[in-house]
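> Single-letter residue listing:
Protein chains: 2
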Amino acid sequence: MTHELRKRGTSQFAFRLIANDGAARLGEIETPRGRVRTPAFMPVGTQATVKGMYPGEVRATGADIVLANTYHLMLRPGPERIADLGGLHAFMNWPHPILTDSGGFQVMSLASLRKITDAGVTFRSHLDGTMYELTPERAIEIQLLLGADIVMQLDECVKLPATRAEIERGVRLSLVWAERCRRAFERAPLGRALFGIVQGGDDATLRLESVRPLVDMGFDGYAIGGLAVGEPQAVMLRMVEEVAPVLPADRPRYLMGVGTPEDLVEAVARGMDMFDCVMPTRNGRHGLAFTRFGPINLKNARHADDPRPLDAESACPAARDYSRAYLHHLVKANEMLGAMLLTAVNLTYYQDLMAGMRAAIGERRFGDFQLATRELWARGDIPAL
Amino acid sequence: MTHELRKRGTSQFAFRLIANDGAARLGEIETPRGRVRTPAFMPVGTQATVKGMYPGEVRATGADIVLANTYHLMLRPGPERIADLGGLHAFMNWPHPILTDSGGFQVMSLASLRKITDAGVTFRSHLDGTMYELTPERAIEIQLLLGADIVMQLDECVKLPATRAEIERGVRLSLVWAERCRRAFERAPLGRALFGIVQGGDDATLRLESVRPLVDMGFDGYAIGGLAVGEPQAVMLRMVEEVAPVLPADRPRYLMGVGTPEDLVEAVARGMDMFDCVMPTRNGRHGLAFTRFGPINLKNARHADDPRPLDAESACPAARDYSRAYLHHLVKANEMLGAMLLTAVNLTYYQDLMAGMRAAIGERRFGDFQLATRELWARGDIPAL
Numbered sequence: 000m001t002h003e004l005r006k007r008g009t010s011q012f013a014f015r016l017i018a019n020d021g022a023a024r025l026g027e028i029e030t031p032r033g034r035v036r037t038p039a040f041m042p043v044g045t046q047a048t049v050k051g052m053y054p055g056e057v058r059a060t061g062a063d064i065v066l067a068n069t070y071h072l073m074l075r076p077g078p079e080r081i082a083d084l085g086g087l088h089a090f091m092n093w094p095h096p097i098l099t100d101s102g103g104f105q106v107m108s109l110a111s112l113r114k115i116t117d118a119g120v121t122f123r124s125h126l127d128g129t130m131y132e133l134t135p136e137r138a139i140e141i142q143l144l145l146g147a148d149i150v151m152q153l154d155e156c157v158k159l160p161a162t163r164a165e166i167e168r169g170v171r172l173s174l175v176w177a178e179r180c181r182r183a184f185e186r187a188p189l190g191r192a193l194f195g196i197v198q199g200g201d202d203a204t205l206r207l208e209s210v211r212p213l214v215d216m217g218f219d220g221y222a223i224g225g226l227a228v229g230e231p232q233a234v235m236l237r238m239v240e241e242v243a244p245v246l247p248a249d250r251p252r253y254l255m256g257v258g259t260p261e262d263l264v265e266a267v268a269r270g271m272d273m274f275d276c277v278m279p280t281r282n283g284r285h286g287l288a289f290t291r292f293g294p295i296n297l298k299n300a301r302h303a304d305d306p307r308p309l310d311a312e313s314a315c316p317a318a319r320d321y322s323r324a325y326l327h328h329l330v331k332a333n334e335m336l337g338a339m340l341l342t343a344v345n346l347t348y349y350q351d352l353m354a355g356m357r358a359a360i361g362e363r364r365f366g367d368f369q370l371a372t373r374e375l376w377a378r379g380d381i382p383a384l
Numbered sequence: 000m001t002h003e004l005r006k007r008g009t010s011q012f013a014f015r016l017i018a019n020d021g022a023a024r025l026g027e028i029e030t031p032r033g034r035v036r037t038p039a040f041m042p043v044g045t046q047a048t049v050k051g052m053y054p055g056e057v058r059a060t061g062a063d064i065v066l067a068n069t070y071h072l073m074l075r076p077g078p079e080r081i082a083d084l085g086g087l088h089a090f091m092n093w094p095h096p097i098l099t100d101s102g103g104f105q106v107m108s109l110a111s112l113r114k115i116t117d118a119g120v121t122f123r124s125h126l127d128g129t130m131y132e133l134t135p136e137r138a139i140e141i142q143l144l145l146g147a148d149i150v151m152q153l154d155e156c157v158k159l160p161a162t163r164a165e166i167e168r169g170v171r172l173s174l175v176w177a178e179r180c181r182r183a184f185e186r187a188p189l190g191r192a193l194f195g196i197v198q199g200g201d202d203a204t205l206r207l208e209s210v211r212p213l214v215d216m217g218f219d220g221y222a223i224g225g226l227a228v229g230e231p232q233a234v235m236l237r238m239v240e241e242v243a244p245v246l247p248a249d250r251p252r253y254l255m256g257v258g259t260p261e262d263l264v265e266a267v268a269r270g271m272d273m274f275d276c277v278m279p280t281r282n283g284r285h286g287l288a289f290t291r292f293g294p295i296n297l298k299n300a301r302h303a304d305d306p307r308p309l310d311a312e313s314a315c316p317a318a319r320d321y322s323r324a325y326l327h328h329l330v331k332a333n334e335m336l337g338a339m340l341l342t343a344v345n346l347t348y349y350q351d352l353m354a355g356m357r358a359a360i361g362e363r364r365f366g367d368f369q370l371a372t373r374e375l376w377a378r379g380d381i382p383a384l
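As you go down the protein sequences, you meet chains E and R in turn.
Here numbering that gives the first Met the number 0 is used: position 338 in the first sequence is 337, and no number is missing along the way.
Here numbering that gives the first Met the number 0 is used: position 151 in the second sequence is 150, and no number is missing along the way.
Hints in this document: simulated from the structure, not taken from any laboratory.
Source: prediction; values computed, not measured.
There could be a bad hint or two in this list.
Copies of the same chain are indistinguishable here, so a pair counts whether it falls within one copy or spans any two.
What the hints assert, rightly or not - Straight-line alpha carbon distances no greater than 27 Å define the calculated DSS-like cross-link-like pairs of lysine-lysine that follow:
hint, residue 1, residue 2
1, LYS50, LYS298
2, LYS50, LYS158
3, LYS50, LYS114
4, LYS158, LYS298
5, LYS331, LYS50
6, LYS331, LYS158
7, LYS114, LYS298
Using the sequences provided together with the hints, build the complete structure.
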């Protein structure tokens with residue numbers, strides 16, 4: 000069964016490792032919807048839209064794949080409806096690869112009255128109070144109805160800090176659900192991929208206990224979940240250091256919900272291939288720009304009279320063709336265009352960073368790239384005269 | 000003085016009447032920033048941005064000119080600041096013509112503690128409570144600091160219904176201010192234009208009493224103000240019928256704050272050349288699409304499963320490349336992309352309507368165009384099967 004699944008899953012879904020530089024990996028995921036160059040950053044399109052961006056614009060930033068959230072889409076507009084409309088790609092006018100999460104994480108953070116049992120999780124919709132049940136089987140069914148190219152197992156993501164007992168329960172439940180998801184996924188059409196998720200909180204032993212059974216089950220890719228949930232960066236990176244080496248080298252590795260530009264560089268240095276985070280989009284909507292010279296808060300009054308663009312050398316029109324004074328004005332005036340421009344700036348910067356890492360790994364100069372990138376961040380933004 | 004002003008004003012600003020069809024006029028305004036084809040619809044860019052649209056996108060809808068609001072910009076970010084930053088065109092990344100209003104209308108509708116005297120109006124900012132004074136001279140100064148191509152006189156716009164005494168006062172005050180604006184505008188750089196505003200509420204006699212002194216003063220264009228402020232459409236059109244014929248044929252005529260697609264067609268039929276209105280942008284943000292087949296409310300549940308685009312034959316990607324089901328979802332989910340797409344749909348439809356009117360007037364078939372347009376509107380939207 001495992002072998003069959005794997006064979007079926009990889010006949011149109013495939014990961015090719017192109018180069019290593021230390022632990023950092025340059026690769027390529029093939030899907031029926033197109034190629035994903037790794038290391039890859041996936042912009043978050045929670046409700047079937049990357050907030051404030053046209054899909055063509057998201058593509059133009061350099062994104063090969065976006066993430067959409069099962070929890071939101073199961074509540075509204077509903078996976079059966081999206082399937083009837085031709086699937087999520089057609090629905091959101093994004094013909095390229097899509098990864099969907101399993102819904103589990105957001106049930107924990109957004110829904111009320113949630114109750115977790117071995118069977119799954121029941122919860123009350125934050126929108127209209129309707130009760131829902133999300134089982135491993137339903138999580139897979141929903142993601143297949145959506146038409147996701149990469150499907151995630153249902154897992155229990157424990158927020159940190161947590162007791163060892165809580166973390167252990169998360170590991171155990173996630174493994175039980177992994178196996179049920181794997182079975183449910185046997186009905187998946189050709190070319191879809193299923194990723195298993197390693198849990199284990201900030202406990203290296205539990206992390207390793209989580210990895211082995213998952214790898215034995217056989218997934219098309221492996222995610223590290225339950226990080227970037229409140230722990231210090233050093234803890235997150237230590238967990239990555241423990242887990243990445245024991246993951247199969249021929250499968251993509253996805254660090255869920257991460258992170259800052261620095262997190263991305265550090266995690267790539269430790270062998271991770273895929274990332275998603277709301278940081279560039281959410282912070283863009285709140286006036287924060289990510290740039291080669293570190294973050295710039297456009298709300299700050301020092302920008303009010305600054306005629307300079309955020310980065311005159313950027314290929315991104317939003318970073319190049321609008322003054323900081325104008326961006327400051329738009330942010331202060333709460334204008335949509337401010338959120339649109341800063342989201343574009345941030346997603347472009349994130350993709351530029353990934354492209355820079357890919358090029359550096361390919362040329363075996365990732366260490367130099369890390370140093371140079373850190374130097375620019377440390378230089379910081381130069382205020383107007 | 001009048002002669003000098005006119006001469007200076009038209010040396011780079013000029014209006015050319017190309018064709019008449021009945022009272023409808025096809026024309027062209029030349030400005031140093033480019034050409035405005037009339038009849039023209041001006042999208043509203045209140046705070047130096049057409050809400051939810053990139054400037055390049057506004058241009059792509061067919062807009063030759065946008066309107067910006069003096070009231071908002073004088074409060075934030077301030078006209079002196081915009082001037083220091085190179086003017087409004089550079090600030091908002093819109094190199095094409097800009098018309099600014101005088102601020103008067105929005106002082107009346109948004110500011111508190113306003114006090115009107117012959118000298119001008121004092122008011123408290125709705126943003127931070129600061130007291131401001133707006134005189135005819137300051138209104139001109141602000142608009143010149145912004146760098147507007149077309150500057151509007153300060154006027155008193157009386158909301159309807161109003162007593163004859165209130166309307167009379169508005170007419171008298173607006174005429175006094177018109178003359179002071181005209182004098183203040185003598186300092187304007189070459190190529191800028193100043194428009195006078197006809198007041199008079201819903202009283203034809205007062206309207207005509209307002210026109211004659213204005214025309215004697217000599218302006219580069221004439222606006223009809225104080226309509227679309229609560230009166231029935233028939234009253235508005237009757238006022239236009241009274242006023243338009245006595246306005247100089249060789250100057251552009253601007254009907255302020257108008258209107259629905261039908262208003263535009265009816266006002267063009269009565270000799271008006273320029274329009275502005277928040278309707279396409281504001282309604283777009285609230286889920287209403289204007290189309291060839293009349294308005295379509297995307298909030299309506301009937302769209303939830305409708306795979307059809309709003310108008311498969313539209314040149315506008317927003318009308319063509321996204322299903323009604325998706326637009327419905329975005330609107331219900333309060334996603335920015337819904338507002339962005341519907342704003343684009345609406346501004347494109349408005350510009351298509353203007354382009355259709357211009358072509359029809361040029362070919363002396365405006366009557367047929369009116370009939371055909373009304374027929375499509377009357378047909379209405381065809382619901383999904």
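> Does the structure break any of the earlier hints, and which numbers would those be?
3, 4, 6 and 7
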